Each structure stands twice: as C-alpha cells, then as structure tokens.
Amino acid sequence: MGAAIEYQKLMTEIVHINLPGPAEPTPGMSGGELLHGFLADLYRTDSQEVKNYVNSLCLKWNVHYRQTR
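Quick note, my numbering runs 953 ahead of the 1-based positions in the sequence shown.
Derived from the structure by calculation, the hints contain no laboratory data.
Just so you know, these numbers come straight off a predicted model, no measurement behind them.
Wrong hints could be hidden among the right ones.
[Said to hold, decoys possible] Distance windows between CB atoms, simulated: (1) P980 / L1012: 32 to 42 Å; (2) L987 / T1021: 16 to 26 Å; (3) R1019 / S983: 12 to 22 Å; (4) R1019 / D999: 14 to 24 Å.
C-beta: ideal position from N, C-alpha, C; glycine also.
Just need the whole structure built from these sequences, with the hints factored in.
Okay, structure coming up:
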C-alpha cells in the first residue's frame, strides 16, 4: 500500500545574477559570462511585458537578480 501523502524533493539552489552584467560580448568570454550578460540584458529591457515574463520565469527557476556596488 502506498503512502497517503507523496512528495517530491525540489531543487532549492538559488542562482544570483549580479548586476550590472557585461553590456557586450567580447572575444574569449566563457559560456557562463555570455549567459550572465544575456540574462542581465533581459533585466534591463524597457518593455514591461518582457520584464513581467522574465520575472515569472525567475520565480519558477529560483533565479534572483542582485545589484552590486
């Protein structure tokens, strides 16, 4: 007989995207640096619709933007 309550272990790792990110790709950038720049650029968009979509994806995937000084 199965348990009355089943649960699934969820990934709880948090990904931080430090802002500001690189503005333009440069030769020799690693894949992580390219992805960082891409995600930071999505955050800087002027379109509210895109911002809302990006924020909903970030909540789903536990991605947080943080300002660095």
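Quick rundown of the hints versus the structure:
1. P980 / L1012: 32 to 42 Å: For P980 and L1012 the Cβ distance comes to about 34 Å; the hint holds.
2. L987 / T1021: 16 to 26 Å: With Cβ atoms ~19 Å apart, the hint holds.
3. R1019 / S983: 12 to 22 Å: holds, 20 Å
4. R1019 / D999: 14 to 24 Å: Hint holds: Cβ distance 21 Å, inside 14 to 24 Å.
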